[in-house]
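A.B. asks: Listed below, chain by chain, are the residues.
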Amino acid sequence: MARRSLPTLAKWAVLLGGPLIWSAHLGFVYAVATVAITLTGEAGLVSRVLIGLATLVCLAATAWIGWSLWAGRLPRWETPQRDLIGLWRKAGALLCLLSFLAVLWQGLPAILIPQQPASHDDLFGGTAPPGPRSR
Amino acid sequence: MTEEEAAFHAAAKNLPDPRPRPEEELKILEEVWRQPTGWRLPTAVNNNIVGSAYVGAALLFFVLAGCLALLMRSQLATPMAEIVGQETYNQLFTMHGTVMMFLFAVPAVEAMGVLLLPQMLAARDLPFPRLSAFAFWAYLVGGLVFFTTIFFGASPDGGWFMYPPLTSYVYSPGSNADWWLLGIGFIEISAIAGAIEIVVGVLKTRSPGMSLDKLPLFGWAMLVFAGMIIVGFPAIILGTILLELERAFHWPFFVAEKGGDPLLWQHLFWFFGHPEVYIIFIPAAGFMSMIVPVVARARLVGYRLVVAALVATGFISFGLWVHHMFTTGLPPISTGFFSAASMAVSIPAGIQVFAWIATIMAGERARWNVPTLFTVGFLIIFTMGGLTGVMVAMVPFDWQAHDTYFVVAHLHYVLIGGMVFPLFAAIYYWVPMVSRFALSERLGKWVFWLMFTGMHLTFLPMHWTGFAGMPRRVYTYLPNMGFDGFNLLSSIGAFTIGAGVALFVFDMARKFRMTQEENAGNVYGGGTLEWLPNGSYAARSIPIVKSREPLWDNPELGDQVEQGQWFLPGAPTHRRETIVTSPLKAIPQYLVIIPGPSWWHVIAAAFTAALFLSLTVKLTLPAALFGVIAIGAMLRWAWELDKGPDHEPVDVGGGLKLPVYMLGNRSHAIWAVWVLIVVIGMIFACMVFSYLYLWSVQPDRWPPAGTTLPSPLHTGTTLLLLAASGGLLTVADWMLTRARGKAIVLTPFLGALMFLILAIAGDIWQWSATGLRPGESSYGASVFTLGFLNSLNLFTVALMVLFVTARLLVGRTDPVRRLSFDTTRLLWLYTIGQTAVSVVFAHGFPRLVS
Numbered sequence: 022m023a024r025r026s027l028p029t030l031a032k033w034a035v036l037l038g039g040p041l042i043w044s045a046h047l048g049f050v051y052a053v054a055t056v057a058i059t060l061t062g063e064a065g066l067v068s069r070v071l072i073g074l075a076t077l078v079c080l081a082a083t084a085w086i087g088w089s090l091w092a093g094r095l096p097r098w099e100t101p102q103r104d105l106i107g108l109w110r111k112a113g114a115l116l117c118l119l120s121f122l123a124v125l126w127q128g129l130p131a132i133l134i135p136q137q138p139a140s141h142d143d144l145f146g147g148t149a150p151p152g153p154r155s156r
Numbered sequence: 081m082t083e084e085e086a087a088f089h090a091a092a093k094n095l096p097d098p099r100p101r102p103e104e105e106l107k108i109l110e111e112v113w114r115q116p117t118g119w120r121l122p123t124a125v126n127n128n129i130v131g132s133a134y135v136g137a138a139l140l141f142f143v144l145a146g147c148l149a150l151l152m153r154s155q156l157a158t159p160m161a162e163i164v165g166q167e168t169y170n171q172l173f174t175m176h177g178t179v180m181m182f183l184f185a186v187p188a189v190e191a192m193g194v195l196l197l198p199q200m201l202a203a204r205d206l207p208f209p210r211l212s213a214f215a216f217w218a219y220l221v222g223g224l225v226f227f228t229t230i231f232f233g234a235s236p237d238g239g240w241f242m243y244p245p246l247t248s249y250v251y252s253p254g255s256n257a258d259w260w261l262l263g264i265g266f267i268e269i270s271a272i273a274g275a276i277e278i279v280v281g282v283l284k285t286r287s288p289g290m291s292l293d294k295l296p297l298f299g300w301a302m303l304v305f306a307g308m309i310i311v312g313f314p315a316i317i318l319g320t321i322l323l324e325l326e327r328a329f330h331w332p333f334f335v336a337e338k339g340g341d342p343l344l345w346q347h348l349f350w351f352f353g354h355p356e357v358y359i360i361f362i363p364a365a366g367f368m369s370m371i372v373p374v375v376a377r378a379r380l381v382g383y384r385l386v387v388a389a390l391v392a393t394g395f396i397s398f399g400l401w402v403h404h405m406f407t408t409g410l411p412p413i414s415t416g417f418f419s420a421a422s423m424a425v426s427i428p429a430g431i432q433v434f435a436w437i438a439t440i441m442a443g444e445r446a447r448w449n450v451p452t453l454f455t456v457g458f459l460i461i462f463t464m465g466g467l468t469g470v471m472v473a474m475v476p477f478d479w480q481a482h483d484t485y486f487v488v489a490h491l492h493y494v495l496i497g498g499m500v501f502p503l504f505a506a507i508y509y510w511v512p513m514v515s516r517f518a519l520s521e522r523l524g525k526w527v528f529w530l531m532f533t534g535m536h537l538t539f540l541p542m543h544w545t546g547f548a549g550m551p552r553r554v555y556t557y558l559p560n561m562g563f564d565g566f567n568l569l570s571s572i573g574a575f576t577i578g579a580g581v582a583l584f585v586f587d588m589a590r591k592f593r594m595t596q597e598e599n600a601g602n603v604y605g606g607g608t609l610e611w612l613p614n615g616s617y618a619a620r621s622i623p624i625v626k627s628r629e630p631l632w633d634n635p636e637l638g639d640q641v642e643q644g645q646w647f648l649p650g651a652p653t654h655r656r657e658t659i660v661t662s663p664l665k666a667i668p669q670y671l672v673i674i675p676g677p678s679w680w681h682v683i684a685a686a687f688t689a690a691l692f693l694s695l696t697v698k699l700t701l702p703a704a705l706f707g708v709i710a711i712g713a714m715l716r717w718a719w720e721l722d723k724g725p726d727h728e729p730v731d732v733g734g735g736l737k738l739p740v741y742m743l744g745n746r747s748h749a750i751w752a753v754w755v756l757i758v759v760i761g762m763i764f765a766c767m768v769f770s771y772l773y774l775w776s777v778q779p780d781r782w783p784p785a786g787t788t789l790p791s792p793l794h795t796g797t798t799l800l801l802l803a804a805s806g807g808l809l810t811v812a813d814w815m816l817t818r819a820r821g822k823a824i825v826l827t828p829f830l831g832a833l834m835f836l837i838l839a840i841a842g843d844i845w846q847w848s849a850t851g852l853r854p855g856e857s858s859y860g861a862s863v864f865t866l867g868f869l870n871s872l873n874l875f876t877v878a879l880m881v882l883f884v885t886a887r888l889l890v891g892r893t894d895p896v897r898r899l900s901f902d903t904t905r906l907l908w909l910y911t912i913g914q915t916a917v918s919v920v921f922a923h924g925f926p927r928l929v930s
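So the protein sequences, as listed, match chains Y and U.
Heads up: the first sequence runs through residues 22 to 156, numbered per the numbering used here.
Heads up: the second sequence runs through residues 81 to 930, numbered per the numbering used here.
Everything labelled a hint here was simulated from the structure, so no lab data went into it.
These numbers come from a predicted model, not from an experiment.
Glycine residues also receive a C-beta, built at the ideal position from the N, C-alpha and C atoms.
A couple of the hints might just be wrong.
[Unchecked claim] Heads up, simulated BS3-like pairs for lysine-lysine below, C-alpha to C-alpha not over 25 Å straight-line: (1) U/Lys93 <-> U/Lys626; (2) U/Lys737 <-> U/Lys107; (3) U/Lys525 <-> U/Lys591; (4) U/Lys626 <-> Y/Lys32; (5) Y/Lys111 <-> U/Lys665; (6) U/Lys665 <-> U/Lys93; (7) U/Lys665 <-> U/Lys626; (8) Y/Lys32 <-> U/Lys665; (9) U/Lys737 <-> U/Lys665; (10) U/Lys737 <-> U/Lys93; (11) Y/Lys32 <-> Y/Lys111; (12) U/Lys626 <-> Y/Lys111.
[To be verified] Not the full set, but computed from the structure, chain U residues with beta-carbon under 10 Å of chain Y: (13) Lys294; (14) Ala392; (15) Pro411; (16) Ser662; (17) Pro739; (18) Ser776.
Construct all of the structure, not just a fragment, from the sequences and the given hints.
C.D. replies: As structure tokens, then:
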């Protein structure tokens, strides 16, 4: 007996898998940094490790979905319709690639931006812009 | 293969059908789709009339806002000029930005969608034509009244972004800011109405066979555009609600000493405001992807890549809002996340630019007509704006350039390059579709060169003005500060643009003559369906689409369509109708009956505008009266809908029989309600964000000392009441399905409403009983706003319940004809869910963090 095909919404989720993961990643890293600063006054090691782990998980997920789409492993797509499936595969894979890059860049601040950056006055002299707020 | 697909493919073998059609068929079709004339013209709902009027109104606001810009440039042409005073200047730049963004840019592209999409999809019309017309009339009436405030010195003057505390009750006690908050708030409703129409239209009314891989890129662009409005506009709707609550009732969301934070407004505003830039760019990119292949005579290079780029832009643009706030002192790690996203968004924009360039290179020698000129102008200007965009995406650079004329230069390069030039290309390209004459090529080239040189003359020097340190939004400057020459050049450039626009208006007045049947036709040789022979009913018959440029691949298609050889060559139910197809593959599903001309949506729009405008000037009683009239007109408008399966399934051609009524998830009405639920859900989500944000700013005041929380017993009772409401609603649904008597359906139905009222009103009452007051702290204000949002949903559901009750009593709703009931039920279930989440959240979170 043939398996039931994916409902329309699930098919959209396959196409939009990469950007959806990117959105979740942005929301997560922003929330983790904010909560850490609210509770402890700084985005310390714990929050940075969490951000790093989330970044790795999201990178792995986008890579897996993107590669599956590129390789043509579309889940339960009932009627063969070459052009439509081609759109889903190629556009979906490219979206995953773009999302992969965006997630990677978004995770880098956890490594590259120190907790106490050099002050504006140290670097340039003169009047500094407004100091860090809690948010 | 499903039964639907099998039936469609069987019918497709019989089409085109070359046999002659009955003579009276075309007459009936014309009669059914005849447009009202004379004094009844405002009742018209045909997309070509509403769309053209919509575009015309948007261009009117473009000219008006442009005049404000010329006044500003006159003032800034020389140092210490005294053409306008400081206060007037504040109103001028606020109104220029507000009108350009809210009354020109978004409506213009939405209007182009209303005008072009049905033709491009070969639908007779979009599925909710009265909703489009409602959106247009509400926008026109509200927009014109809003604009007139400039003549009375009552215009908003806090900048188009309206930052508090400047715009709150302490520093802006007059009604100027209220004009912005209520006037724009209500224009947002108009935009959302249009977005719902576009989402459902693109996904459900495409020509049979036009699977998503064959959807014209303008269709994809409008789909992404509408999705972005649905996700982005709720943030500004909530923002305007919060600021108006603070202004009118002193609920301190943005007052720091009471636990609020002015930066909350910036988060909400820019979560909408930055995507807004892409909301207007993406349809413009859609124009380009349609026009470039035609002027280059080549198929678009990288269709799938461009689709992915549009979708990626739609998503990533929501991760950029903080780059407007780099100088507010946010933690460096947070700005880092958004700086990364700001750079990432340039990749999909770059993909599209390279796809267009590659298409031009792949084609024959491009013809240098006016659409081509505006297309190339767009590529140059937009790319320059994009490059300075990457510069300001870098935090250290932004610190230097923020609030200087460098940013003014950047945003105008992006907006004029990314939206105005494509729009002009589109107008020149598509005017022959709705006008007896095309616009003049000779004058058009003058228009282009005046606008192109004027654009650079105005905004290129502003990069240096900014580097020299001239801040934005100042009404004058001292001589000999290095600004004089640059400013004079910019002012000359602005008037050069103005001359170009004036010439364009002159050409429109000379050449544009609205018509459908005798239009100038496909003068540029486009390959998509909007260039099929047209009447007031759109295309005579609806073809099966087999490629992305069907007119290029089948030159006989136009004749076949005109002779009625494809689907739906007449009006078999003697009413306005179009084919609804499946969202991915465009397999025909049913025939939707489309409402025709009416006064009700016009009255509803006019009085909705009057309601908001009366509220602005604090005329409470007239506002209440206008609100009642507006709601009454809406209910009367809806009363005529949901006609049920009052006609046998119709043979639409090739032996394919389609029903004329559909329930469940295939129904376009159910889709519209789902889209509406996403909008309401986003408003709620933004409120939850605001609550959490305010907690994170001052966690020690959340809740303020001495606050008593409602007891767990109360929480449980509220949840039980909500469960009871849902249970009784399910019983009512069950009784209706089994065709029980009216009383047996109505008793649980109305009982369920009572439980919902008790749950929501009881929760608000319980918070009041604890002594919490919304005016005393941002915590109290946030809690009561959650209740306020639930109450708004309750109000809507209650109205719909009364409406459905009336329909049940007179027999207009029954077990078969029940779309009104189903849509009400869907919104109701969502309201129960939202209220439950808000109760658990508001009662539980303070306990969790304290």
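A.B. asks: Mind listing which of the numbered hints don't hold for this structure, in increasing order?
C.D. replies: 17
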